[in-house]
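Engineer: Listed below are the residues making up each chain.
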Amino acid sequence: MSHVTGTSVHVETGHGHGPPPRARHWALRAGWVRAAWMTGFFFLLGLGIVVFFRWLGGYDPTLDWEPVIVVAGLTMAPLGFLAGLGGFDYWVSYALGSPTRPEDHSGHGAYTWRDYFRVNTDHKVIGIQYVSSTVFFFLAGGLMAMLVRAELARPETEFFDTQTYNELFSVHASLMIFLFIIPAFAGLANYVLPLMIGAPDMAFPRLNALSFWLLPIAGIMLLASFFFPGVGAGWTNYPPLSTEQPFGNVFFSMAVQWAGASSIMTALNFLVTIITMRAPGMTFWRMPLLVWANFTTSLLVVIATPFIAGSQFFVMFDKVMHTNFFDPGENGYALGYQHIFWFYSHPAVYIMMLPGFGIASEVISTFSRKPIFGYRLMALSLMAILVLGFSVWAHHMFVSGMATYLRVPMMVTTLLIAIPTGIKVFSWLATLWEGRLHFSAPMLWALGFVSMFVIGGLSGVMLGAVPIDIHVSDTYFIVAHIHYVLLGGSLFTIFAGIYYWFPKMTGRMYNERLAKIHFWLTLVSFNATFFPMHLIGVQGMPRRVATYEPQFGDWNLFISLSSFVLGASFMIFVYNVIVSWKSGPPAPANPWRGMTIEWLVSSPPPVFNFDEVPQVVGNPYEYGVKGARHAILNGDRAAAELEPVRST
Amino acid sequence: MRRGAIVALVSIALVVAAVTTAIAYFVDWLPEQASEERQGIDLVFWVTVAICIFFFAIVASVSIYAAVKFRVRPDDESDGAPIHGHTGIEIVWTLVPTICVVVIAVLSAIVLAQNDKPKGDPLRVDVLAQQFAWQFTYPEEGEVRATNLYLPVDRSTRLVISARDVLHSFWVPEFGQKQDAVPGIVTTLIVTPTKTGDYRLICTELCGQGHALMRTRAIVLSQPEFARWLREQQQGPAEPPPGGEVDAQGTFVQTCGGCHELEQAGTSGQIGPSLNELALDPADVEEQIRKGGGGMPAFENDLSEAQIEALVQYLVGDDA
Ligand SMILES: [Cu+2]
Ligand SMILES: [Cu+2]
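Sequence order for the protein chains is A and B.
Per the numbering used here, the first sequence starts with residue 1, numbered consecutively.
Per the numbering used here, the second sequence starts with residue 1, numbered consecutively.
Some hints here could point you the wrong way.
[Claimed, not checked] For lysine-lysine, the following DSS-like pairs were computed, each having C-alpha atoms within a straight-line distance of at most 27 Å:
id: 1; chain 1: B; residue 1: 69; chain 2: A; residue 2: 626
id: 2; chain 1: A; residue 1: 516; chain 2: B; residue 2: 69
id: 3; chain 1: B; residue 1: 117; chain 2: B; residue 2: 195
id: 4; chain 1: A; residue 1: 516; chain 2: A; residue 2: 582
id: 5; chain 1: B; residue 1: 119; chain 2: B; residue 2: 195
No lab work stands behind these hints: they were computed from the structure.
Please put together the full structure from these sequences, using the hints given.
Structural biologist: So this is what it looks like as structure tokens:
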């Protein structure tokens with residue numbers, strides 16, 4: 001079997017590979033050249049549309065740059081880029097009635113690094129594209145956090161004017177949420193989920209490719225916003241402040257549209273894949289918890305994301321087209337925005353948590369050599385969180401001035417979510433009990449996640465209680481809470497997942513020692529950075545300020561110094577990943593002795609995942625059960641497959 | 001489970017609980033308590049912290065014990081006991097948290113209802129928030145106005161809060177109570193100070209470039225002192241008689257000093273440009289004061305004609 005991803009040697013196989021030779025001029029062939037000129041061409045097209053309609057309507061001036069930026073720059077040009085890269089080729093040919101190339105999967109696999117910069121329909125290539133680009137945006141967002149902390153090291157203004165400072169923390173949060181956590185989980189699941197359910201690919205490979213390529217567009221828009229100031233109203237972008245921001249605020253509104261469209265498309269893809277493409281024998285109650293987690297997450301995404309898309313469109317319309325959704329001076333309703341926004345953004349918290357729960361379950365079970373404790377209750381808790389998650393949004397608005405009677409019911413639902421979440425935590429702990437614990441890097445990150453997430457969850461219970469929330473909302477207590485949940489929670493599980501599946505994805509082992517140093521350094525500096533924030537928040541330091549009372553100076557200096565160590569710890573990760581990917585020792589098919597299906601195939605897996613359809617015969621976590629199997633590729637070979645086979 | 005395991009688990013849990021309790025007890029977490037509402041808030045805070053410590057101790061003790069006890073060498077290839085679940089224990093860890101959150105919810109709801117209600121006949125203060133200043137009006141006391149919030153001790157105050165431009169939020173950490181100011185709607189907040197003193201009044205909702213500086217003071221006076229303060233304000237020339245002398249410097253310090261640096265007046269605000277070397281003609285200055293713009297609020301409605309005139313004179317007049 002040939003190895004085709006990463007840097008492994010490519011062996012000629014019977015399958016076709018690379019696009020078949022086509023009689024097209026090089027400038028017309030799908031790729032970066034065509035992407036470049038089509039981006040320009042579509043920009044001009046958008047410019048023409050704006051100018052034409054302004055001329056037709058007799059508006060002055062005919063050439064107004066603000067609508068041009070929105071229409072030509074943020075809408076048409078990205079479409080041109082996608083079309084040029086080949087994201088729409090199949091559908092366009094189909095619509096035009098020209099001959100379409102049937103999906104023979106000849107574009108699967110990546111043979112050189114260049115193949116990662118193409119539209120590729122192989123879920124494994126797309127998974128790697130996702131993870132690498134989200135790590136890039138993570139580093140960019142992290143750099144902004146460092147700048148914010150540098151400014152906050154002393155109480156007075158140090159380096160930035162206030163508008164730049166406001167943009168730094170706004171773009172930091174937006175990048176971390178929309179371009180790192182959410183798509184990083186989507187990327188990991190993209191790679192392993194089809195393998196885990198025994199499918200040859202995702203249900204809609206072309207849609208999958210398109211979903212990925214929307215992301216860099218959103219990311220570049222957020223980064224470009226520093227050249228067009230205006231993303232300075234926080235990632236929450238509350239009006240009227242957002243509609244009052246300089247024009248560049250539309251970069252946030254549009255970036256959210258592109259990233260949101262990407263997540264909705266991916267979620268639909270996951271749902272259809274999970275529902276229709278499970279290997280024979282894999283009932284819902286035999287799905288690994290990672291699959292369950294992505295199933296519930298995808299439901300959340302599909303239901304909730306249109307709300308943030310709507311809220312950002314309304315803000316942009318208020319700004320660009322002078323509608324009055326939220327402008328109180330014109331009978332708009334400022335609080336309406338917050339309701340719509342949080343109706344997405346609370347579920348978004350679970351969009352950023354549940355896939356991590358899935359990863360933690362896989363890792364903890366495998367490295368404890370024990371079945372996950374209470375498998376069915378674990379899956380049901382995910383569903384409970386999904387349902388309850390839609391009934392708590394107003395806990396972000398206890399002091400907002402919304403109808404006061406909403407507060408108590410929203411507090412009750414919020415506190416109730418602690419119950420399914422608690423069940424999950426206790427079940428992970430019970431999984432450790434009487435296990436055979438191996439503290440390899442993925443396990444360290446998963447256990448680090450459990451303990452940090454418990455702290456974040458408990459401060460979440462405190463925030464759920466309205467009287468406490470009234471005192472601490474919009475203070476550093478909130479900053480501490482979200483970082484315990486999103487950094488200690490989501491980021492830790494992302495690292496657990498990356499280390500866990502690194503051998504599978506690249507065919508190489510990472511350096512275990514460096515991975516452990518990375519973990520301990522992150523764990524310690526993370527707590528040093530964020531734990532004191534609880535204290536200064538309760539004592540009266542508001543969030544989103546560049547200057548503050550001198551009484552908080554010492555703590556902030558300590559926090560800033562710790563945060564620089566935290567930032568540096570990620571360099572170890574980057575180094576480890578790059579060096580190991582290039583020259584790490586080859587990975588066996590199943591380095592962790594896992595039972596789920598992705599470990600039954602070679603590392604990296606064959607281009608088409610499975611030469612024969614796997615047959616699922618049991619539960620996914622039957623460690624310690626004599627003779628138990630989750631799946632078999634071939635009845636006779638089953639026993640041999642489960643041994644850690646060196647694939648050469 | 002063996003007896004030894006239970007003893008070990010309980011002792012680790014007790015140690016963790018003792019350490020976390022010490023951190024909760026010896027660190028000065030909450031700011032000084034200066035209102036009745038804060039008493040309720042603090043009660044909920046500490047009850048919840050206690051419950052959190054309980055769960056944290058359990059989680060920590062199980063993980064620490066498991067990490068030490070069940071760790072094996074890397075080359076150990078054996079598997080753990082195939083335990084799939086335990087209905088009894090799953091019921092316990094569903095029920096116990098449920099009871100705890102019900103306790104938190106009921107207590108919170110009671111405290112919330114109490115904190116929403118004024119005690120006795122409340123004093124009304126209208127709070128106007130705007131970028132980046134606070135203004136307080138006492139409508140039942142002859143429309144007295146101030147830029148610091150003056151309150152009598154031991155009497156409830158109903159703050160009637162509105163915003164002129166964007167969202168802001170009223171917070172005095174020592175009072176605990178917080179409420180957003182929302183343009184287009186009016187919100188209210190009850191505060192019953194219990195201690196005289198001088199506290200920070202902070203805007204906690206991001207409201208633009210001057211957000212961090214949108215601060216003033218909440219000054220709690222004894223009831224006789226407060227009455228005296230009110231009387232002074234009512235008699236004093238808050239709105240000077242037409243033609244009367246206006247204290248331009250005083251007006252500047254009070255109204256403009258928070259944003260503008262001006263040596264002559266001894267102010268050092270940094271939100272707006274320094275006015276030390278102002279190179280505008282009087283008409284432009286007057287226009288700027290009346291209409292605001294570029295981050296500066298309009299003062300047309302807040303300052304009298306005489307005050308505006310005096311300010312223009314003060315800034316760019318012949319004797320400036
Ligand atoms: Cu929420
Ligand atoms: Cu503010």
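Engineer: Can the restraint linking residue 117 of chain B and residue 195 of chain B be considered satisfied, given a maximum Cα separation of 27 Å?
Structural biologist: This hinted pair holds, its Cα atoms lying about 19 Å apart.
Engineer: Against the 27 Å threshold, does the CA-CA distance of residue 516 of chain A and residue 582 of chain A hold or violate the hint?
Structural biologist: Between residue 516 of chain A and residue 582 of chain A the Cα gap is close to 20 Å, so the pair holds against 27 Å.
Engineer: Checking one constraint from the list: CA of residue 516 of chain A to CA of residue 69 of chain B, max 27 Å. Satisfied?
Structural biologist: 20 Å, holds
Engineer: Within a Cα-Cα threshold of 27 Å, do residue 69 of chain B and residue 626 of chain A meet the stated pairing?
Structural biologist: 24 Å, holds
Engineer: Check whether the Cα positions of residue 119 of chain B and residue 195 of chain B lie no farther apart than 27 Å.
Structural biologist: 16 Å, holds
The structure shown violates none of the earlier numbered hints.
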